[in-house]
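Protein chains: 2
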Amino acid sequence: MRVKIYVTLKEGILDPQGKAVKHSLHSLGYTSVEDVRVGKYIEIEIDDTAKEKLDPQIKEMCNKLLSNPIIEDFRYEIEK
Amino acid sequence: MRVKIYVTLKEGILDPQGKAVKHSLHSLGYTSVEDVRVGKYIEIEIDDTAKEKLDPQIKEMCNKLLSNPIIEDFRYEIEK
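Protein sequence lines correspond, in order, to chains L and B. By the numbering used here, the letter at position 34 of the first sequence is numbered 105, and the numbering carries on one by one without gaps. By the numbering used here, the letter at position 23 of the second sequence is numbered 94, and the numbering carries on one by one without gaps.
Keep in mind that the hints were calculated from the coordinates and are not lab data. Any given hint could be a false lead.
The list treats identical chains as interchangeable, and a pair is accepted whether it falls inside one copy or across any two copies.
Said to hold, decoys possible - No more than 20 angstroms apart at the CA atoms, straight line, and that leaves these computed lysine to any residue pairs for SDA-like:
1) 151 / 139
2) 135 / 97
3) 130 / 118
4) 151 / 86
5) 111 / 143
Only a predicted model underlies this, so the values are computations on that prediction, with no experimental measurement involved.
The following block holds chain L by itself, in its conformation from the complex (with noise of 0.2 angstroms):
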C-alpha cells in the first residue's frame, strides 16, 4: 500500500526557503509570483495493514517524526 503525506508550515509560520524562492522566481523574471511555501512531500509503502489499522498509525508517524506538530500541519492519502 502507498501512502503520500503532504507535510506544511502552518500558517502564519515565516517560511524563508519559501521566500527565497519567490525572490529567486522574481530574479527570472516571474514577477507574476505571490507567494511560494515549501513543504515536504513523503510516499511510504507500507505492508498491507488493516485500513483501521492504518489510519492511527500514520497519523503518529507524522505527529512523532515526520513533522513538526507545533508548526507543521500534515495530510494524507492511502492509495491501494
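Position chain B against the provided structure of chain L, taking the given hints into account.
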C-alpha cells in the same frame, strides 16, 4: 491562482533522506514500512494569468529552479 508542485526523485536515484526516515520509523516500531521516498511540495500563489500561458510558465519554473531535471521529476496541479 494556486499551483501545487510535487518534486520527487526519479526512480532508481538513491534517496539517503528516505532511507534515514525508514530506519527511524523501524526503530520506532513501525516495521511494516517497506520504503520511504522524500520529495518537495511547493505551493505557489500566482497572479491570474491565462491558463494557456500558465502551463508553459510553470514547466519552465520547475526545470529552471524548482527541480533538478537530471535526478528529479515534477508534477503539478492548478487550482482556481
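Here's how the hints hold up against the structure:
In the homo-oligomer, the alpha carbons of residue 151 and residue 139 never lie at most 20 angstroms apart, since the shortest distance is 27 angstroms inside one protomer and 29 angstroms across protomers. Within a single copy, residue 135 and residue 97 get their C-alpha atoms only as close as 37 angstroms, which misses the 20 angstroms cut-off; across copies the closest is 13 angstroms, which meets it. With identical chains, the CA atoms of residue 130 and residue 118 are at most 20 angstroms apart within one copy only, with a shortest distance of 16 angstroms there and 35 angstroms across copies. For a Cα distance limit of 20 angstroms, the shortest separation of residue 151 from residue 86 qualifies neither inside one copy, at 33 angstroms, nor across copies, at 23 angstroms.
With identical chains, the CA atoms of residue 111 and residue 143 are at most 20 angstroms apart both within one copy (10 angstroms) and between copies (14 angstroms).
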